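Chains W, L and C supply the protein sequences, listed in that same order.
Mapped onto the working numbering, the consecutive letters of the first sequence carry residue numbers 1 to 355.
Mapped onto the working numbering, the consecutive letters of the second sequence carry residue numbers 356 to 637.
Mapped onto the working numbering, the consecutive letters of the third sequence carry residue numbers 638 to 900.
Everything labelled a hint here was simulated from the structure, so no lab data went into it.
Careful: at least some of the hints might be erroneous.
[Said to hold, decoys possible] Quick list of the computed label-pair ranges, beta carbon to beta carbon:
#1 His-627/L / Pro-810/C: 34 to 44 Å
#2 Val-663/C / Asp-129/W: 47 to 57 Å
#3 Phe-602/L / Thr-739/C: 27 to 37 Å
#4 Phe-692/C / Val-600/L: 50 to 60 Å
#5 Gly-584/L / Val-663/C: 19 to 29 Å
#6 Ala-629/L / Pro-108/W: 44 to 54 Å
#7 Ala-390/L / Arg-698/C: 30 to 40 Å
#8 Gly-851/C / Glu-585/L: 37 to 47 Å
[What the hints assert, rightly or not] Below 30 Å or equal to it, Euclidean Cα-Cα: the simulated DSS-like pairs (lysine-lysine) are:
#9 Lys-102/W / Lys-113/W
#10 Lys-812/C / Lys-735/C
#11 Lys-113/W / Lys-75/W
#12 Lys-532/L / Lys-244/W
#13 Lys-75/W / Lys-18/W
#14 Lys-532/L / Lys-452/L
#15 Lys-452/L / Lys-102/W
#16 Lys-452/L / Lys-18/W
#17 Lys-532/L / Lys-102/W
#18 Lys-168/W / Lys-532/L
#19 Lys-75/W / Lys-102/W
[To be verified] Chain L stretches covered by chain W per the calculated footprint, using a threshold of three residues with CB under 8 Å from any CB of chain W:
#20 483 to 495
#21 540 to 548
#22 551 to 561
These figures come from a predicted structure and were not determined experimentally.
Even glycine gets a Cβ: it sits at the ideal position worked out from N, Cα and C.
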Amino acid sequence: MTQPLHIDAVSAHYGTTKVLEDLSLSVQAGELVSLLGASGCGKTTTLRLIAGFLSPTSGSITLGGRDLTRLPTHKRDIGLVFQNYALFPHLSVLDNVAFGLKQRGIAPAERRKRAMAMLERVGLAALADRAPGALSGGQKQRVALARALVIEPPLLMFDEPLSNLDAKLRVDMRVEIRQLQRANGTTSVYVTHDQEEAFSISDRVAIMNAGRLMQFDRPEVLYRRPANTFVARFVGFENIIPFKAVARDGDVVTAETAGMRLRLSQSLFGAIPDTFLLATRPDGLTVSIEAAAEGLPARLGLRTYLGRAYQYQCETAAGHLIANGILTTPLEAGTSVKLVPVPEQCTILAPDGDE
Amino acid sequence: MTSRRFWRRSGATGWALTAPATLAVIGLLIVPIGAVIAGTFMDPRGVFAPYISYFNSGFRTTVLFRTLQISALTTIISLIFGFMTAYVVSRAPGRLKSLLIVAAVFPLLTGVVVRAFAWLIILGRNGILNQTLLALGIVNEPLEMLYTQGAVIVGMVYLFVPLMVLSLVGVLENIPKDVLQASSSLGASPMATFWQVLLPLAVPGLIVGAVLVFTGSFTAYATPQLLGGERQTVLATLLQQRAMVSFDWVGASTIATIMTVITISIVLAMSHIARRINPIAT
Amino acid sequence: MMSDRPHPILVVIAALVYLFLMVPLVIVVGAALSDTTYLTFPPQGLSLRWFENIFAISAFRRTIVTSLQIAFLGTLFALLIGIPAAYALNRFRVELPKWLGTLFVLPILVPEIVFGFALLKSLTVGAGVPIFLALLVGHTLLVLPYVVRVISASLASFDFSIEEAAISLGSAPVKTFFTIVLPNVRAGVIAAFILAFITSLNDVSVSLFLTGPGISTLPIQILAHVEQFFDPTVASVSVLLMFLTVAVMAIVERTLGLTFLAK
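Chain W with its partners taken away, still in its complex shape (with noise of 0.2 Å):
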């Protein structure tokens, strides 16, 4: 019932503006992938395009083996929740839900017992008969799921459906529609600019930038091992600094930066190339005041306070770097001091931005 889909070097253009550059995405049956970028990305392209709102000028999109690509939307089946709920203003809770099936030749009997089942599952069956206007943006989201899960699709997208509603509520939904849609196991595309949103639900993450894929994995590797630059950047590494290994030692290299050494470990870091990358957080760097500290000189500016630790803007040689010091000792701007990496905390990126 659930199906994959293949994007195939697909490329959009918007009159003489490349917007999507030779794109290739494949979901796994059953999987939730998230497409997670800034406004103008592609991630909306992307998504208009599966659901046939845009034709791609090449490639193909196919849905388990059927070619989507030339099929008008409303022949492709595929589940669509949007960004401003798009209920029918015109058409109570019920029959919002019960719309797909109408289209699909359901009797009414059977489409209103469907469509009441659905509101049970999505905790709205009270309001079958309320118009849409006089819900809330939670409920609305909500109707908005259930009409689209209704109809059974083997595939379903979702258009920022979140960033509508609060703060709490956001979390709250998040959570709702990963269960329901592990319950019903229906392939899911997945838009958003939210990364915790993207990151917390997600079986894959695709990373976007300017119509081309970043980097395209777990969440959990696009947060420890970003592929290059940009992934690093988005995902919270702030500090990238350049080194040159300077002495093998078997598995320990050793690399140098300006005004600081370090040994890293390959079997933590995988090989380690003559010319790299260091990128860390904030909390990956240390703030030490030990002149004898192994670690970058710096010089520190501006003191942010996070709750959790004080944030120091620092000028090094090595650049701008931001490091994350403790709270018994809060230091002031001009203080120099040393900036020493956590290499767990760490990742090793190629000099052109590229793992």
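Keeping the supplied structure of chain W fixed, place chains L and C upon it in accordance with the hints.
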């Protein structure tokens, strides 16, 4: 500073600013029309005497029904063709759409006389339509097209179609695009989306447009005068006759009142209905 | 959307409708240029004599002037009382009753011909007000709704916090209105002016009763002329009216562009 505090006491300022316009409308529109209407009930022959006298006349009753009929037909024709045209315009690509909208606005700005007059030229005995029909051999003699109800209706439709198109384009634009996309994604073919989603959502706007056209044609003067003449007397031309030719002021006031009452009732009924079935209040 | 393109039959119908709208106007222009003494289309021979004839007829000369005067003054007065009203309706939306907005739209809801008749009865016959003044009153009120509506629409997208910022920086309220608010709704004011001017210029129903010795508007005069003479002069006057309309729009478009149509 007292002027600043006065400014913040916004209610008073608001009233002060609207006062001239309010007084103008009340004093120079509502009062005079009210006087006309009230005057019809003060006839020495009896409170409703003028109205009884009006409906006792076969001719005048015919005029009323003729006016209603012309208005109804004009509205229906304008609605059908206006909606189809508006649908096409709303789906047109950007620059073409702007051009089409300007093209629809232009006739509106040329005024009633010019537009009615054009049909005078076209439908006359020596008019271009007759010339064409004769040349093509479809008829042997020129047709008498002017001063018929058909001519008046054609002139009225010509007058109101641009209005209908513009108003309906606005209505169609107001239907959220994602709702139509949702319909499509749920399996509704373009036809199904039209009948089950687009049309129902357009209905309130259609009602507004229809009422505009109906009341407009119901009270129109220049077009029926030019294209219908005395043979197709309507309420407005009858009013003018009574007032300026016969100097029958009571009669004229009666007609004015009937016209006003019917027009305002329809407008009120419309806003009531449109508000009740207006679902686009999300 | 792939299925966005309307059915070809609909496109054909729409095209025919547009043809239906445009062709008669072309015919009027053609008939005005005809070198014949009777109205005919297509024109036989081209001549401007019927345009010259307009100015030869004193009735037309007079009524053109009257129409322009009334249109200009009527629009002016409508702007004078309409702009503050529109401003108040938007700025003090909460404090003012809802029906006030409807009040200013009333002239459109009421049959024009009834309005004209009522003015004749109360002002001219009843109060002895001179015809020109009654005509002016009629036209001012006729175009008032357009002024209020257009300016209101313009103000609806106006961010009133600009005004508050100016006042907080020390600018007196009235001065702020003229230096901050008005320039920002310039487009609306100009659009309102055109719409009002053209509406007044072309009006028949209100002006119908408000004619007197020496006072009449151009459209009314055309109607009278058609009844007596069925010659191309009427066509050329119609074209003149059309031309005046386009001229007003063009003059304004120079200053502004067609942005006002995006309302």
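Is the gap between the beta carbons of Phe-692/C and Val-600/L within 50 to 60 Å? violated, 30 Å
Confirm or reject the claim that Gly-851/C and Glu-585/L have a C-beta distance inside 37 to 47 Å. violated, 28 Å
Given the hinted pair Lys-452/L and Lys-102/W, is their Cα-Cα distance within 30 Å? It is violated: about 34 Å lies between the C-alpha atoms, which goes past 30 Å.
Would the pair Lys-532/L and Lys-244/W pass a check requiring their Cα atoms to be no farther apart than 30 Å? Since the Cα atoms of Lys-532/L and Lys-244/W sit roughly 55 Å apart, the hinted pair is violated (cutoff 30 Å).
What's the verdict on Lys-812/C and Lys-735/C, does the C-alpha distance respect the 30 Å limit or exceed it? holds, 28 Å
Go check the region 540 to 548 of chain L versus chain W for me, would you? Three or more residues, Cβ under 8 Å, otherwise it fails. Since 8 is at least three, the answer is holds.
Do the Cβ positions of His-627/L and Pro-810/C conform to the proposed distance bound of 34 to 44 Å? Holds, at about 40 Å.
Are the Cα atoms of Lys-452/L and Lys-18/W separated by 30 Å or less? Cα-Cα ~25 Å, so holds.
Run the distance test for Lys-75/W versus Lys-102/W: straight-line Cα separation, threshold 30 Å. Given that 30 Å is the threshold and the Cα spacing comes to 14 Å, the pair holds.
Do Gly-584/L and Val-663/C keep their Cβ atoms within the hinted range of 19 to 29 Å? 25 Å Cβ-Cβ, so the 19 to 29 Å window holds.
Between the region 483 to 495 of chain L and chain W, see if three or more residues pass the 8 Å beta-carbon test, and mark the coverage as holds or violated. Contact hint for the region 483 to 495 of chain L vs chain W: violated, 0 residues under 8 Å.
That 47 to 57 Å hint for Val-663/C and Asp-129/W (C-beta), does it hold up? About 56 Å separates the Cβ atoms of Val-663/C and Asp-129/W, which means 47 to 57 Å holds.
Checked against the numbered hints above, the structure violates hints 4, 6, 8, 12, 15 and 20; every other hint is satisfied.
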